[in-house]
Every structure is written in C-alpha cells, then in structure tokens.
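From first to last, the protein sequence lines are chains A and B. With the first letter of the first sequence counted as 1, position 360 gets the number 1193 in the numbering used here; the numbers rise by one all the way through. With the first letter of the second sequence counted as 1, position 69 gets the number 95 in the numbering used here; the numbers rise by one all the way through.
Possibly wrong hints are sitting among the right ones.
Some but not every residue of chain B turned toward chain A, in silico, with C-beta under 8 Å [unchecked claim]: (1) GLU223; (2) LEU275; (3) LEU279.
25 Å max Cα-Cα, derived DSS-like pairs, lysine-lysine [unchecked claim]: (4) LYS97/B <-> LYS1230/A; (5) LYS1177/A <-> LYS1148/A; (6) LYS1283/A <-> LYS1154/A; (7) LYS1230/A <-> LYS330/B; (8) LYS1154/A <-> LYS1104/A; (9) LYS1096/A <-> LYS1109/A; (10) LYS1230/A <-> LYS1219/A; (11) LYS1096/A <-> LYS1154/A; (12) LYS1177/A <-> LYS97/B.
Keep in mind that the hints were calculated from the coordinates and are not lab data. Positions of the beta carbon are idealized from the N, C-alpha and C atoms, including for glycine.
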Amino acid sequence: MIHDFENVLVASGISKFFPGAIALDKVDFTLRKGEVHALLGENGAGKSTLIKCMTGAYRRDGGSLTLDDSDIDPSDTLAAQRLGIGTVYQEVNLLPNLSVAENLFLGRQPRRFGIVDVRSMNRQARELLAQYGLMIDVTAQLDRFSVAVQQVIAIARAVDLSGKVLILDEPTASLDTQEVAMLFRIIRNLKERGLGIVFITHFLEQVYEISDRITVLRNGRLVGTRDTAELPRQGLIAMMLGRELAHAEEAAKERSTEAGAVKYRFEAYGKRGKVKPFDLEIRVGEVVGVAGLLGSGRTETAELLFGIETADSGKAEIDGKPVALNSPRAAIRQGFGFCPEDRKTDGIIGDLSIRENIALALQARRGWARPLSRSEQNALADQYIKALDIRTTDREKPIRLLSGGNQQKAILARWLATNPDFLILDEPTRGIDVGAHAEIIRLIEELCAKGMSLVVISSELEELVAYSSRVIVLRDREHIASLSGNSITASGIVDAIAAAEKKTEDA
Amino acid sequence: MSSSLKALAIRLAPQLIALVVILSLNFIMFPQFFNIVVQNDRLYGSLIDVLNRGAPVALLAIGMTLVIATKGIDLSVGAVIAICGAVAASSIVSGNSLAYTLVVTLAVGLLCGVWNGFLVAILNIQPIIATLVLMVAGRGIAQLITEGVIMTFNDPGLIFFGSGSFAYLPMPVVIWLLVGAIVILLVRRTALGMLVEAVGINRRASTLSGVRTPVLLMAVYMLSALCAAIAGIIVAADIKGADANNAGLWLELDAILAVVVGGNSLLGGRFSILGSLIGAMIIQAVNTGILLSGFPPEFNLIIKAIIILVILIIQSPALQSAAAFFSRKPAESAGMRVEQPK
Chain A
834 MIHDFENVLV ASGISKFFPG AIALDKVDFT LRKGEVHALL GENGAGKSTL IKCMTGAYRR
894 DGGSLTLDDS DIDPSDTLAA QRLGIGTVYQ EVNLLPNLSV AENLFLGRQP RRFGIVDVRS
954 MNRQARELLA QYGLMIDVTA QLDRFSVAVQ QVIAIARAVD LSGKVLILDE PTASLDTQEV
1014 AMLFRIIRNL KERGLGIVFI THFLEQVYEI SDRITVLRNG RLVGTRDTAE LPRQGLIAMM
1074 LGRELAHAEE AAKERSTEAG AVKYRFEAYG KRGKVKPFDL EIRVGEVVGV AGLLGSGRTE
1134 TAELLFGIET ADSGKAEIDG KPVALNSPRA AIRQGFGFCP EDRKTDGIIG DLSIRENIAL
1194 ALQARRGWAR PLSRSEQNAL ADQYIKALDI RTTDREKPIR LLSGGNQQKA ILARWLATNP
1254 DFLILDEPTR GIDVGAHAEI IRLIEELCAK GMSLVVISSE LEELVAYSSR VIVLRDREHI
1314 ASLSGNSITA SGIVDAIAAA EKKTEDA
Chain B
27 MSSSLKALAI RLAPQLIALV VILSLNFIMF PQFFNIVVQN DRLYGSLIDV LNRGAPVALL
87 AIGMTLVIAT KGIDLSVGAV IAICGAVAAS SIVSGNSLAY TLVVTLAVGL LCGVWNGFLV
147 AILNIQPIIA TLVLMVAGRG IAQLITEGVI MTFNDPGLIF FGSGSFAYLP MPVVIWLLVG
207 AIVILLVRRT ALGMLVEAVG INRRASTLSG VRTPVLLMAV YMLSALCAAI AGIIVAADIK
267 GADANNAGLW LELDAILAVV VGGNSLLGGR FSILGSLIGA MIIQAVNTGI LLSGFPPEFN
327 LIIKAIIILV ILIIQSPALQ SAAAFFSRKP AESAGMRVEQ PK
C-alpha cells in the first residue's frame, strides 16, 4: 500500500510551554507521503497543541519542523497553508452565508479586468469538486448542505490551497455511517495522490479502518508510533491509558479489605442521553476508581452523583435513607464534594485569592449571613496551604496565577474545608507536573485511610490500580464492568474496555 | 487594619486624583467654587450642589456596582425612577399617608427588581436584553400611572425628600450617604460581597461550590431596583411632580459610567462601591463645572464626553501596563518579577 517511505513532514523534539504547564515535551512526529497517520490521545494529551504548532497557530518553544527536507517556521495558519499544510477542523471553518464557489476561492478569486470573474470561478469550483465525486450547485449558499458535504468542501479548499499535508481534526465527529464512508473514500483517494494525511479522532474503529500508522500522545509526551497493522486494539488502549502493561502489572498489590459498611447506594441511577442506568455502592473508607475512554460517560457519571445533572431514573440512598440529589447544593448538604475535570471553567474563581477560593464552599454552605471572619479564613487558608503544600508566596495571590497542580490542591482544600464524607474527583492529576501528581495520589490514600469515601475518575490506569479498592469500567455511556480485589490490574481494565469494543464491532 | 486601609487607598487613588483634578479645574474656572455658607440651617455652595445633584446617579451606582460585579448590567433603572416617581406622586395625590406612599413606592421598585431578576437568574436571559425590556416598557407604565400628564403634588412630607435638610445637609445627600454606608456594610460585613464576586468571575464554578447563584442574582437586581426607587422618590420630590417622560432619562448610562469611572470592570468580579460613589461625584462635578463655566449649553455633552474619555484612557489596561513598565524598579526589570497576570 505504502508507495515509498519518503517523509513529507518531520517534527522533532517539539516543545510547547504554557504558564504552569508543559503542553508538549519534546515530541517527535513524522508524516510520510501517501499515508494516513492517526494521532491519538486522551483529552489534554497534547494532540491539538501539536497540530497547532505544526499549522502555525502556536509558535513552538523548542524543536524543529521540516517540510520536504527544508526547515519551516510558519508564523500563522496562513503561512502554513502557503507552505502546503492545510487543516480542516471538526467545526467547519468556512463561511456559511457565502456560496460554495466563493468559499472555495475566497481570497483568491479568478479575476478579469480586476473584477471577480464569477463564471470562471463557478466553473473551476465545479471541476474541483468533481474530483471528489461531488456534483452540487456551486452557486448555492454553503449552509444549505449537510455537514458532511461542507466537510468535503473544506477538504477540497485545503488540498487545493496547500496540497502536501492535510490535517483532519475530528472530521467524523458529527457524521453518520454513510457520510463517514464517503469521507473515507475521499481520504483514500487523496492518499493515492501522495498527500500526507494526519487524522485525529477518538473512534478507534475508524482508526483501524483508515490509518496506516498510529502515533499516541499522553500528558504532552510521545508514547510511541506504530504501524496500525501490527498494533492490536488492546495494545493501543494500553498506550493511550497507561504505561507499558508489564510495568503496571507489579502495581497490583495487596489490598486492604477493611473498608466499612456500604454507605452510598445508587440503584438503576441514570439519565437519558447522559449515562445509562447503573448500580453503584460505595463503602466508608474506600476508593472506587472509574475508568473508560474519552466520551465513555465518566464525567457524566460524576455530574449525576453530584447533582449537577438530575437523574431521571433510579434512586440514591445514604445509610439506607433515600435522598434527592437534584442540585450541587443538595449534594453538598449530604457531605459531598466534587473536584471537576475542567479546573479553569468549573473549578477556580480566577480573580479571587487563594484564601477566598478555599473558603468558598464552606462559606456557601454557611450562607451569606454567617460570614467566616477574616481571621477564620486566614487560618483555614494557612492550614491547607501548609497541609497540602500549596506553593505560593502568600494566600492573597489570585488563584489563576498558580500552576495547575497547585490550583488542583486549592480546589481540593476548598472541599476538605467543608469536612466532607464523600469526595468525587474527576481527573485529579490531569495536566499537573510529576511532583504534584504523586502528592495528590498520596493525599487520596490518606483521605481514604481517614474513613472518607471517594470516587476517582482517571485516565491514568496505574493510578487507579494503585489506590482503588474497586474499579468501574465505562464504555459508550454504560457501566460495563466492575473489577475488584486482585483483578484490578492495568491489563484487566484494558481487557474490559477492549472486550466491549469487540462486542460492539461484532454486533 | 492599616494594611487594608492602604490597599483601599491604592485602589481608589486614580478616582480620587481625578476628582481632585476636576474640582481644581472648577475652582480655576469659578473661584467661588469652594465657598460654603449656612442659610436656614442648611449648607449652600457649589460643592454641596455637586453632592446634592449627584444623588440620583450615586444611588443608582450603588445598585449598579453589584449588578455589574455579577457580570450583569441593569438598563432599566432610569425607567424604574420614572415608574416609582409616578407611583409616589399618584399615591400622595390620591390622599394616602406619607408612610403608605413610601412603602408602596419601594415595594413597586422591588417588584421591578424581581422581574429583572426573574429574567436573568431564572430564565437565564442575557442581562442587557432582560433589563432592556423594562427600560422600554417602564416609561409606558409610568405614563399609564400618571395618565399622560405631569402629576404635581404639594405634600410637604414628600417634598422634604427633595429639598429638605438634615444636620445641615440636603436630604438627598443624607439619603445617598446613608444607603451607600448601609450597602457597603451589608456586603463587606457579611459574605455577600465575596459571593457576588465569585458569581461574577465564574458562575458555573460558584454554583458547583454550592453558592445559590439564582438567589444571589435575584437579590442583586432587587437591590438595584430598590436604589432606583429611592432615587425616583428624590427626583419626584425635587420637582414636586412626576414626569413620566423625563424623570431619570438616560440616568442608567450615567450610573454605568459612574461604576466604570469608579474603576470597576464591566466583566464582573472585584468591585468597590466607594469607587462608584466617587465616580458618580466625578460625573456630577463635571456637569456642575460645565454649567458654572458658562460654556454654551451645546458644548456640555461634548466636553463631558472628552473629560470622561480622558479618565477612561488613564484607567485603561493598555496605559496601566505601560505605566507599570516605566515605573519598574531596576531589580524587577532584571527578572525578579516573573509572574505577570494574563
């Protein structure tokens, strides 16, 4: 299939730093002519950062980029386009109120005597789209066509403009099966023409259907590049979720079985369109891990437990008594706490000080009329800054100036200050540096030992293996497996996810 | 305590400097500007006039500051002034007691706030649109109440709120100082201030932390309308009548301006009511100054716009960061200060 191994785009040692975080850490990526190269990784793995560094949307902080053996440093997406790197995004970035032909030739319309030559433009547009098997009225307004057709038009424009490298960022996210088939025909066609195609998706079936090679990123680092044919599905999931399996196996350690009585019981709990009904029991002093790929319903499960989404089926019980968890406030009243996955939008109050951020949940529970005095707030902040080792010059610093790990600790402190019985942590270690990572894991174990019940969602399998007494595995918004005792291993979790993958494929 | 006083002084320095500059300009144009005399147990003078004439905008600015702190805006306050002036006038004209009239007027004001709060907090309509509804409808409602005429009254009790005096100060000044002090104490001595700021900076994160955002938003719009109702009473009492068409006309814009000149961000979050009150006085000092200087009236609005533009440019983030750059100490420029707010 692969014509030759001539590289078209070579990125080596690409690094990108954001304040407080390393988004890309010396990542290598090579794209050959005439191949479809899948770029995979969970949220925050660095896929889009890498793409943006290659298309000039970001300036890289380190590493080199060569296109056809010559160094390039595109200053913006336009420059990258001119060099030959075209990008098509999930949400089509064309102009819906212009005609198809105008969209194809925007900024480079054929001219006659200085005036746009509409007839020639329409003719060229028809010819261009005919190459893609698309016979449509090019004078019609773009938004009259389906997303799939718009996608093809965007591809046609990008290829016509650039013609060496085509980057497709989740092009199939909103397409149905037939549309995907049509898109894949076009992609194969372009491949034959010698284009290098980068394909980003989180549908693994599609990866196996279309791609020649796979590169996996995790936490801003390169996990590896493999030929698709030689990488079994299990191996791929393992690459995406955890380090080498053999390495993780040893972490399956002796588990304490001294967890107390069942305290929280959810029966047939679910919400249509979010998570299918599930049963979940959580004991006093245990950590229940939640594993699954992106979009499997992990976060939705957490939002249901914390009352952000209201369940439309099933019931929740605490100590055998039914409770209604229909708002975060109701959940907090029951002693719940929730550290969300997206710290920036759901967690921190950026402009408020660390002190105020830590005091917020406790203050909200007490109500506005019973303020925590300044000295109480100071004591609270100082206590947790010390206990959780939040690195800051002082407690009055706006929290947005802290690094990701320290922000996470401050959010954790916000909940610990309310003295909760039950904590839900959604990706507590995402996007934070290695040191803070280890501290947060240690903290989870400490809290559990003190008798708190925790539900921890994580993409890091070894992490889950290390602290969970049970692991719930999710797939397609459904709780499909529950591992406990010695069956909690990284490979066990991967098997559970992959088994479900196969099952749906056979169906 | 002295450190928080110092922080306050730093926060309000630009506003205080602007106020001093405007007042000095007034003094240059009109040397008697600072003269104050006592007549009939009441202070008179241009300075007192600034405080007195600025009362409606100062009152509106108190409520507007909190609304803006929640990332909202309340365009309806001018119309609420008209409605409440009309309610007060028609109530007193139909022979109700003063106490009854005041209670009904403030209750109608609160009702306006409940309406705005309902649209913003419960229906999640964008504040600018939600309050635009009442801004447009409000004058119509006021006209219905006054039956299309300027409804005059001569109840001395009600008129007292416009032209009476207490402890040598005109009543409007006493009222806005009092309301300002009460609201400042209310938000800073309780947790309201912090919760309002939290909601304004990140509503979703606040809700997830257990803050009752809808209740808080509702309360803020109610307070804003209540302030407008009080201003409505003062405006009506001042002219001894309710003018549904002109009472409080465009005052919502002056109130927003006062909040911004007071150094508060329209993006919500951190707020200073004291800053807004100084802002209201700056605006009134400009108005009074132009009036006293004897410029042709058609220049007034243009001069006002220019002066405010200068104040806003001085406060603009671009100029502030440039100022910070040039006032850096050598040690800092040598790389000591790494962290810069984004």
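So, going through the hints one by one against the coordinates:
no. : hint                    : result
1   : GLU223                  : holds (6 Å)
2   : LEU275                  : violated (35 Å)
3   : LEU279                  : violated (26 Å)
4   : LYS97/B <-> LYS1230/A   : holds (22 Å)
5   : LYS1177/A <-> LYS1148/A : violated (31 Å)
6   : LYS1283/A <-> LYS1154/A : holds (23 Å)
7   : LYS1230/A <-> LYS330/B  : violated (38 Å)
8   : LYS1154/A <-> LYS1104/A : holds (21 Å)
9   : LYS1096/A <-> LYS1109/A : holds (22 Å)
10  : LYS1230/A <-> LYS1219/A : holds (15 Å)
11  : LYS1096/A <-> LYS1154/A : holds (10 Å)
12  : LYS1177/A <-> LYS97/B   : holds (17 Å)
Of the numbered hints stated above, those contradicted by the structure are hints 2, 3, 5, 7, listed in ascending order.
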